[in-house]
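Engineer: Chains as they are written, first to last, in our numbering: chain P, 1 to 115; chain L, 1 to 276.
Treat the hints with caution; some may be incorrect.
As the list claims (entries may be wrong) - Label pairs and their computed distance ranges (CB to CB): (1) P/E84 <-> L/L112: 52 to 60 angstroms; (2) P/R109 <-> L/N121: 20 to 28 angstroms; (3) L/Q91 <-> P/L100: 22 to 30 angstroms; (4) L/R62 <-> P/E84: 47 to 55 angstroms; (5) P/S88 <-> L/I25: 27 to 35 angstroms; (6) L/V7 <-> P/G22: 28 to 36 angstroms.
Hints listed in this document are in silico derivations from the structure and should not be mistaken for laboratory results.
Note that CB positions come from ideal geometry on N, CA and C, so glycine has one too.
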Amino acid sequence: MRKPARPFSIPVLHILLALAEGTKHGYAIKQDIERRTDGAICLGPGTLYEAIQRLEESGLIAETAPVAPANGQEAQRRFYRLTERGWSALRAEVRSLGTLVDQARANPRLRKGLA
Amino acid sequence: VTRLYRVLLHLFPSEFRTRYGDELIALFVAERLEPRHSGALGLVRFWRHILYDLVTSATRQRRRQIRRMFGSGVPHLPAQPKRTEMDTLLQDLRYAFRSFVRRPGFTAIAVLSLALGIGANSLIYGLVDGFVLRPFPYPDPDRLVSIGVSFPKISPEMSHVEVLSPAEYADIRSARSLGRTGAFDLGNRNISGGDVPERVFTALVLDDLFPVFGMNPIVGRGFTTEELGPKGPRVAILSHRLWQTRFGADRNIVNRPIRIGGETATVVGVMPPGFC
Numbered sequence: 001m002r003k004p005a006r007p008f009s010i011p012v013l014h015i016l017l018a019l020a021e022g023t024k025h026g027y028a029i030k031q032d033i034e035r036r037t038d039g040a041i042c043l044g045p046g047t048l049y050e051a052i053q054r055l056e057e058s059g060l061i062a063e064t065a066p067v068a069p070a071n072g073q074e075a076q077r078r079f080y081r082l083t084e085r086g087w088s089a090l091r092a093e094v095r096s097l098g099t100l101v102d103q104a105r106a107n108p109r110l111r112k113g114l115a
Numbered sequence: 001v002t003r004l005y006r007v008l009l010h011l012f013p014s015e016f017r018t019r020y021g022d023e024l025i026a027l028f029v030a031e032r033l034e035p036r037h038s039g040a041l042g043l044v045r046f047w048r049h050i051l052y053d054l055v056t057s058a059t060r061q062r063r064r065q066i067r068r069m070f071g072s073g074v075p076h077l078p079a080q081p082k083r084t085e086m087d088t089l090l091q092d093l094r095y096a097f098r099s100f101v102r103r104p105g106f107t108a109i110a111v112l113s114l115a116l117g118i119g120a121n122s123l124i125y126g127l128v129d130g131f132v133l134r135p136f137p138y139p140d141p142d143r144l145v146s147i148g149v150s151f152p153k154i155s156p157e158m159s160h161v162e163v164l165s166p167a168e169y170a171d172i173r174s175a176r177s178l179g180r181t182g183a184f185d186l187g188n189r190n191i192s193g194g195d196v197p198e199r200v201f202t203a204l205v206l207d208d209l210f211p212v213f214g215m216n217p218i219v220g221r222g223f224t225t226e227e228l229g230p231k232g233p234r235v236a237i238l239s240h241r242l243w244q245t246r247f248g249a250d251r252n253i254v255n256r257p258i259r260i261g262g263e264t265a266t267v268v269g270v271m272p273p274g275f276c
């Protein structure tokens, strides 16, 4: 029942971003994160579902019916979507990260190395 | 393999397992089928990833379960829960565990060094215990030798047996490098007479053993040449322990007959404590 401490951990943020693209089941979330991070973040089953459990308990994501009619095996998977609360938490997080990045870019010494 | 993973899922609290167990297994199966996990190296990489994930997440889940059980699992914990010494210890343990998993080579060397160290330590302690703390209770123990025969193929564990034929013993007895010799046949025999018969550890002695060990009876005397001969009278010398437990440390035991293995023998002496 614990609210995930803000700011979100990087894997949690990635899970939220994956679900921001649409309803997904666990393996699809995992694949999405790996694709997004070029394999740098590779969540194991336990770690992934632990994060999903916390996000579910804090009301940021919820289980849902698959949007597209899924094939046999996929139909048995649990699908997740962002809740309203999840959307606003993600937006707030992205906004604050954006501010952070803007501030960082404003530093001329730091900007040099950034393309 | 999936069945093994299913068993390993019992590391998780049942609540988590019931809710997400099937999902975890589905993810496990899907990951196993990924091309990067094919081949022997891929299989090793896969299991390392799975086991690391399993242990770390199960540990977190169990801790969470314990926190809930002991009442601190209130819905909204403060952002920075107070860290106890136990938390610090657990964190250190987790950190150590992660470091070990991350550097298996280092872990192997550390474990090997520990194993060698502990092994060497026990060996040295064994030697010190045997030679310094509890040496043979006999004078000049370094001048005592036990002679037996080696049978290289008798068994993998044992090749040396202290069994000699009379002719072999006669050869040994005539060897000039040995000051004195004695031979004995160890075995359990019944002592009867008195309240209850008792099965005791005995030695049938050939030649006078006691001068070999440099020890003499504290009560009575040792064996005479006549007694050691093939037709000599049957006599016995008691160990200190048997003398105390069965005969009540009676000094008048000397010259009394006792029954050993169905035969009567006269007690002629009692050895000092520690002789055997």
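Engineer: If a hint holds in the structure, say so; if it doesn't, say that too.
Structural biologist: Consistency of the hints with the structure:
A hinted range of 52 to 60 angstroms for the beta carbons of P/E84 and L/L112 is consistent with their spacing of about 56 angstroms. The hinted range of 20 to 28 angstroms is not satisfied by P/R109 and L/N121, whose Cβ atoms lie roughly 57 angstroms apart. In this structure, L/Q91 and P/L100 meet the distance hint of 22 to 30 angstroms, their C-beta atoms being roughly 27 angstroms apart. Range check, L/R62 to P/E84: about 33 angstroms between beta-carbon atoms, so the 47 to 55 angstroms window is missed.
Between P/S88 and L/I25 the C-beta distance comes to about 34 angstroms, which sits within the given range of 27 to 35 angstroms. Range check, L/V7 to P/G22: about 35 angstroms between beta-carbon atoms, so the 28 to 36 angstroms window is met.
The structure is inconsistent with the numbered hints 2 and 4, although it conforms to all the rest.
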